[in-house]
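Asks: Sequence:
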Amino acid sequence: MLEQVIFFTILLGFLISVLLSPLFIPFLRRLKFGQSIREEGPKSHQKKTGTPTMGGLMILLSITVTTLVMIGKFSEPTVETYLLLFVTLGFGLLGFLDDFIKVVMKRNLGLTSKQKLLGQIVISVIFYIIFRQSDFSTEISVPLTDLSFDLGWAYVLFVIFWLVGFSNAVNLTDGLDGLVSGTAAIAFGAFAVLAWSQDQYELAIFSVAVVGAVLGFLVFNAHPAKVFMGDTGSLALGGAIATVAILTKLEILLIIIGGIFVLETLSVILQVISFKTTGKRIFRMSPLHHHYELIGWSEWRVVVTFWTVGLLCAIIGIYIEVWV
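In terms of this note's numbering, the sequence shown is residues 1183 to 1506.
Calculated directly from the structure, the hints in this document are not laboratory data. Just so you know, nobody snuck in bad clues.
Here are the computed lysine-lysine pairs in the DSS-like style, where the Cα-Cα straight-line distance is at most 30 Å: (1) Lys-1462 x Lys-1296; (2) Lys-1458 x Lys-1296; (3) Lys-1255 x Lys-1431.
What follows is a set of in silico ranges between Cβ atoms, one per label pair, in the way DEER data are often shown: (4) Ile-1498 x Leu-1213: 38 to 44 Å; (5) Val-1247 x Ile-1477: 41 to 47 Å; (6) Ile-1312 x Phe-1343: 16 to 22 Å; (7) Leu-1193 x Leu-1213: 28 to 34 Å; (8) Gln-1186 x Ile-1455: 48 to 54 Å.
Owing to the predicted nature of the structure, the values given are computational and were not obtained by experimental measurement. A virtual CB, placed ideally from N, CA and C, is assigned to each residue, including glycine.
Work out the full structure: start from the sequences and follow the hints.
Replies: Right under this line is the structure:
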């Protein structure tokens, strides 16, 4: 029974994205919701100017409908389902506002960093309040050890750091056609396996709903992309993967399973520190995927390589949790 639910969840999420896209992409074009490409980026990206963005709306619709329909078929939605959807849609709304300002109001940087951070913190705090009222644990376990720490009241700081950090990490990764779609599908697939192994079936259903939605979107987002997910999609996916990690109590394991997102973020941090302290850059350009483009790799080669590394990270994460 559950195996059938998982299969049809992926299928439904995939079909909604695939069937929506041919209708939604022309609509975005008519509204002139085209991506503006920053001049300081790789020159090869300038040809992408005008490609419709905000495609994350399709992903969010697919995830929401698929999750509610399939969990409703399996059981009644619980607070976990609503927490997942709240964070996903909340960060998605924040990303939508950012995209809207960029493409409609023609302000290329979108929301200011302070506005975006404030919105992320507010969503994270609301999540924590509901989380604590539902009596979830504030313990954090360290993979490969028997160590665990109860953070108590300080867990709210951890939640803020994790949700804000990973939403921004996925957002930074979203710089090449299909890169986030593929890596997100892999990471959520890994957490679906782990949630299933813990008998947390709602989390597993939500995770595979995301897998189906982003794979359907990937049909139109693979190079050369016909649509971009924008911050609408990337911020939502980052917040969602952090929420799944928190609800499965595998918070620290997300560093491994989401290794690509972590590496991309570290590359930006190291680049900034190096340039400010020494005046020299470590990478040709950050985030990391741009460095490989500038040393001569094709965009498709970079994306496939990062997918492969993401898959290895996911396998290692599953192995650590399930078999070690």
